Amino acid sequence: MTERVPVLKIGDVLLVSIQVDLEDQTVLDLQDDLAARIVATGASGVVIDITAVEIVDSFVGRMLATTAAISRMLDAETVVVGMRPAVAITLVELGLSLGGVRTALTLEKGLDMLARPDSRPPAKP
Amino acid sequence: MSGPRPLPDADHETITIESNDDVVRARQLVRTLAQRCKLSLVDQTKLVTAASELARNTLVYGGGGVMRTGLVRRDSRVGVTAVFEDSGPGIPDLDLALTDGWTSGGGLGLGLSGARRLVDDFTLDTEVGRGTQVAVTKWAR
Chain F
1 MTERVPVLKI GDVLLVSIQV DLEDQTVLDL QDDLAARIVA TGASGVVIDI
51 TAVEIVDSFV GRMLATTAAI SRMLDAETVV VGMRPAVAIT LVELGLSLGG
101 VRTALTLEKG LDMLARPDSR PPAKP
Chain W
1 MSGPRPLPDA DHETITIESN DDVVRARQLV RTLAQRCKLS LVDQTKLVTA
51 ASELARNTLV YGGGGVMRTG LVRRDSRVGV TAVFEDSGPG IPDLDLALTD
101 GWTSGGGLGL GLSGARRLVD DFTLDTEVGR GTQVAVTKWA R
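Those sequence lines, one after another, are chains F and W.
Per the UniProt record's numbering, the first sequence runs over residues 1 to 125.
Per the UniProt record's numbering, the second sequence runs over residues 1 to 141.
To be clear, the hints were calculated from the coordinates, so they are not data collected in a lab.
It should be emphasised that the depicted structure is a prediction, and the values quoted were computed from it without experimental measurement.
Mixed in with the good hints, there may be bad ones.
Interface residues of chain W toward chain F, partial, derived using beta-carbon atoms under 8 Å [to be verified]:
no.: 1; residue: Gln28
no.: 2; residue: Thr45
no.: 3; residue: Glu53
no.: 4; residue: Arg56
no.: 5; residue: Asp100
no.: 6; residue: Gly114
no.: 7; residue: Arg117
Note that CB positions come from ideal geometry on N, CA and C, so glycine has one too.
Bound-form chain F, shown alone:
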């Protein structure tokens, strides 16, 4: 049994703060949990806080991109917050620029982004 990352609800937003070194199964479980919680709660936004995350490899990077795409289809916007500079540098060099994922430097800015509907990017064709 692998541990699960808690998904918290604050108003219209689901908040996930990743605090442990994630093993792959935990990453997949989180993706499923988030999709289910979006539908169950009707949340309009998801914030994934990776402030404490020391590395994002291609597996976790793919989860972030997939989660953003899944939640968009379920009518929720995802913002990834708190990425460390070294993680950003490494991700780009790895070949993952996470083009479809919105980011904010801090949790506060991420929540702010979700609170302003006009800040949503136009839907991709």
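For this one, chain F is given, so just place chain W on it according to the hints.
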């Protein structure tokens, strides 16, 4: 395959990679060594990320294996080496496997090619039916 290549420094650790949990242990061990070697934060992050990709490859594509890691010295430089070894199916087309975006599994196809970009030294020995050995090193600047 040229067989196991001993690390230049006898002081190294070996762990088996047989579960997702071992992938986490592998990157934590590499991180500890990278810190001991005083790699910069960005270089630590790059090396640990490369180790994570390669440990996952060992598990998923190699069917499990081992990682040997330790500090190495060349001239006046110090670095961290990690060697990943499996007895899996091997890689039939190495050029293809090192191409961005190509995967024989369900991944993004960035593991091997991305790991190579993230380290200073990268060597790969593979033989179909015998297994694969990937060695990476990051040097302190």
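Evaluated hints:
no.: 1; hint: Gln28; in the structure: holds, 7 Å
no.: 2; hint: Thr45; in the structure: holds, 4 Å
no.: 3; hint: Glu53; in the structure: holds, 6 Å
no.: 4; hint: Arg56; in the structure: holds, 6 Å
no.: 5; hint: Asp100; in the structure: holds, 5 Å
no.: 6; hint: Gly114; in the structure: holds, 4 Å
no.: 7; hint: Arg117; in the structure: holds, 5 Å
No hint from the list above goes unmet by this structure.
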